[in-house]
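Visitor: Model the full structure from these sequences, guided by the hints.
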Amino acid sequence: MDIIVCLKQVADLQQIRIKRETREPVLEGAPFIFGQFEKNALEAAVRLKEKNGGKVIALALGNAKIKDTIIEALAMGADEAVIIPDLALAMSGSANVAQVLAAAIRKIGKFDLILMGEGSADNYSGQIIGRVAELLDIPQITYVRELSVEANRVRATRDLEDALEVVEADLPAIVSATSELNTPRLPPLTAILKASKKPIATWSANDLGISADAKAVNTLSNLAPQQERKQVLFEGDVAKAVDELVKQLQKEGVV
Amino acid sequence: MANILVFSEQAPVAFELLCKARELGVASAAILSGGEGANANNYFAYGAQKVFVGADARLENYSADLYADALAQIVETSGANIVLIGSTKRGKELAGRLAQKLNCGAVTDAIGLVTQDEKLAVQRYALGGNTIATDVIATDRQVIAVMPKTFEAIKQPAATTVEIKVSVQLCEPRVKIVERKPKAAATAHIESAETLVVVGKGFAKQDDLALADALAQRLNGEIACSRTLSADYHWLAEERMIGISGKKCKPRLMISIGVSGQIQHTVGILGSKIIVAINKDKSAPIFKIADYGIVGDLYQVLPKLVERIGKS
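Heads up: the protein sequence lines correspond to chains A and B, in order.
Convert by adding 440 to the 1-based position in the first sequence; the result is the number in this note's numbering.
Convert by adding 35 to the 1-based position in the second sequence; the result is the number in this note's numbering.
Derived by calculation from the structure, the hints in this document are not laboratory data.
Treat the hints with care, as some may be off.
[What the hints assert, rightly or not] With a straight-line cut-off of 27 Å between C-alpha atoms, the simulated DSS-like cross-links for lysine-lysine are:
{"hint": "1", "chain 1": "B", "residue 1": "Lys315", "chain 2": "A", "residue 2": "Lys670"}
{"hint": "2", "chain 1": "A", "residue 1": "Lys691", "chain 2": "A", "residue 2": "Lys505"}
{"hint": "3", "chain 1": "B", "residue 1": "Lys282", "chain 2": "B", "residue 2": "Lys240"}
{"hint": "4", "chain 1": "A", "residue 1": "Lys691", "chain 2": "B", "residue 2": "Lys317"}
{"hint": "5", "chain 1": "B", "residue 1": "Lys283", "chain 2": "A", "residue 2": "Lys691"}
{"hint": "6", "chain 1": "B", "residue 1": "Lys136", "chain 2": "A", "residue 2": "Lys655"}
{"hint": "7", "chain 1": "B", "residue 1": "Lys240", "chain 2": "B", "residue 2": "Lys218"}
{"hint": "8", "chain 1": "A", "residue 1": "Lys547", "chain 2": "A", "residue 2": "Lys489"}
{"hint": "9", "chain 1": "B", "residue 1": "Lys124", "chain 2": "A", "residue 2": "Lys655"}
{"hint": "10", "chain 1": "B", "residue 1": "Lys317", "chain 2": "B", "residue 2": "Lys240"}
{"hint": "11", "chain 1": "B", "residue 1": "Lys136", "chain 2": "A", "residue 2": "Lys550"}
{"hint": "12", "chain 1": "B", "residue 1": "Lys136", "chain 2": "B", "residue 2": "Lys200"}
{"hint": "13", "chain 1": "A", "residue 1": "Lys638", "chain 2": "A", "residue 2": "Lys491"}
{"hint": "14", "chain 1": "A", "residue 1": "Lys670", "chain 2": "B", "residue 2": "Lys308"}
{"hint": "15", "chain 1": "A", "residue 1": "Lys691", "chain 2": "B", "residue 2": "Lys308"}
{"hint": "16", "chain 1": "B", "residue 1": "Lys184", "chain 2": "B", "residue 2": "Lys317"}
{"hint": "17", "chain 1": "A", "residue 1": "Lys459", "chain 2": "B", "residue 2": "Lys240"}
{"hint": "18", "chain 1": "B", "residue 1": "Lys218", "chain 2": "B", "residue 2": "Lys285"}
{"hint": "19", "chain 1": "A", "residue 1": "Lys459", "chain 2": "B", "residue 2": "Lys308"}
{"hint": "20", "chain 1": "B", "residue 1": "Lys285", "chain 2": "A", "residue 2": "Lys687"}
{"hint": "21", "chain 1": "B", "residue 1": "Lys323", "chain 2": "A", "residue 2": "Lys670"}
{"hint": "22", "chain 1": "A", "residue 1": "Lys491", "chain 2": "B", "residue 2": "Lys211"}
{"hint": "23", "chain 1": "B", "residue 1": "Lys283", "chain 2": "A", "residue 2": "Lys670"}
{"hint": "24", "chain 1": "B", "residue 1": "Lys282", "chain 2": "A", "residue 2": "Lys670"}
{"hint": "25", "chain 1": "A", "residue 1": "Lys505", "chain 2": "A", "residue 2": "Lys638"}
{"hint": "26", "chain 1": "A", "residue 1": "Lys550", "chain 2": "A", "residue 2": "Lys638"}
{"hint": "27", "chain 1": "B", "residue 1": "Lys211", "chain 2": "A", "residue 2": "Lys489"}
{"hint": "28", "chain 1": "B", "residue 1": "Lys184", "chain 2": "B", "residue 2": "Lys282"}
{"hint": "29", "chain 1": "A", "residue 1": "Lys691", "chain 2": "B", "residue 2": "Lys285"}
{"hint": "30", "chain 1": "B", "residue 1": "Lys346", "chain 2": "A", "residue 2": "Lys691"}
{"hint": "31", "chain 1": "A", "residue 1": "Lys634", "chain 2": "A", "residue 2": "Lys495"}
{"hint": "32", "chain 1": "B", "residue 1": "Lys154", "chain 2": "A", "residue 2": "Lys655"}
{"hint": "33", "chain 1": "B", "residue 1": "Lys218", "chain 2": "A", "residue 2": "Lys687"}
{"hint": "34", "chain 1": "B", "residue 1": "Lys308", "chain 2": "B", "residue 2": "Lys184"}
{"hint": "35", "chain 1": "A", "residue 1": "Lys687", "chain 2": "B", "residue 2": "Lys346"}
[Unchecked claim] Chain B stretches covered by chain A per the calculated footprint, using a threshold of three residues with CB under 8 Å from any CB of chain A:
{"hint": "36", "stretch": "107-120"}
{"hint": "37", "stretch": "124-133"}
{"hint": "38", "stretch": "167-176"}
Even glycine gets a Cβ: it sits at the ideal position worked out from N, Cα and C.
Guide: Next comes the structure, spelled out in structure tokens:
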């Protein structure tokens, strides 16, 4: 069984700073990682492979550093990787990214299952799965918290707002993972060392016969919400701190 | 003039979207149904001028694949240039597939729609909630999935109304629903609570949440939590989870206890009027967005706080 896991490289969101004067985000210096849900997708793929055989291909779009970021996916158990280091393409919006992923998947050729996170860590738009499914004309199963494959058929439990829904579909299919699906493994050092020896193919938009269309969505501004918080801290003696706090809250009229 | 088609599998969300749609232009609604049960009158009451009904036995169960196909056909029939969808989980997966079918741009999880330079600007959280982006969709057609409760549903019937049956052409469903296990009906309504006590990883064990419960009871508030306590520890139901993948709340008073304040969580509390944080780590990011904070051990602070509030 051949599984392709789509991964998006994002800046570590915990390390983004906000410029106080302009409220602009500063991404410089933040390390690049894969999002949590994508690790759940990767873990699920590796477990399916361990059970059913086959291979796992990690497919990732990102900036020039994607070659470093992808090592984590290989260390977690992907057998090979396809990377597309093209920041402009990676930033060109869901419509273009879906075209690139679909083209790369077609170029990879043989696959039974595609896995991705329920949303990316940064935009969490959840659009990619539907777009890629449509481009490849395959069924989509989103928000999955339990997953198994038997006799060329995928069975999944979807976690929706009002219900858990158990569904089945013939392969090939595309599935998105929630964090409830599993606990991603932390690869040991030996796996990390071995990872760099695994095959990594580097493809360009040209290789895929893709020329990014004009962006379908233009972002006019992207600023931190205005937050004017008082940031009054009480420390030291607990009883005194509690007393001060309650007095303030009474003044505010909220207790 | 904008021609807007509204769809949500949750009728109350469709009504909210219709109210915004009739402000932006000509409002229509789509109903997809597996039988004949569609009631267009409710949609007319919220301002739909046209209601397009796609009825087909294959639409009995929700499938992103078939629903997108049916909606795309209704978009063609209606000539809509803007499609507003409720950004539920089902709505979000539908938005992506529909946008691809229509070959157009889409924005999901929209939290605001404003007209800017005669264009429709869509606001959404970006960078994991660090920022709010304002987007304009450049394609002729636009698909926008809007978060439930973004707009208020107020009845205002359209002057003239018409119901149009669309005979949709569909394939057989490829995803089979084997079983549906309904979740217990929501018992907590943290989005409408005036006071929220939010608990995080600072609590060492589930029993200790009794301390927070006592405080919530004193304040007549509800308990909410960070993702870890619900998704990983299963201490509290998902309906109490706040954050980018949980709920966004705007209480008058939010008391955050033992929550470090990662951005994926705090995006759900920024609308609070007053934020109080209790954490033993002075460098915890939660203090950056707090109005008042106590740097201290919650096991010492909470009993005293409950006692002190009881006195006042």
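Visitor: Hints numbered earlier in the text: which of these fail when held up against the supplied structure?
Guide: Of the numbered hints, 2, 16, 17, 33 and 36 do not hold.
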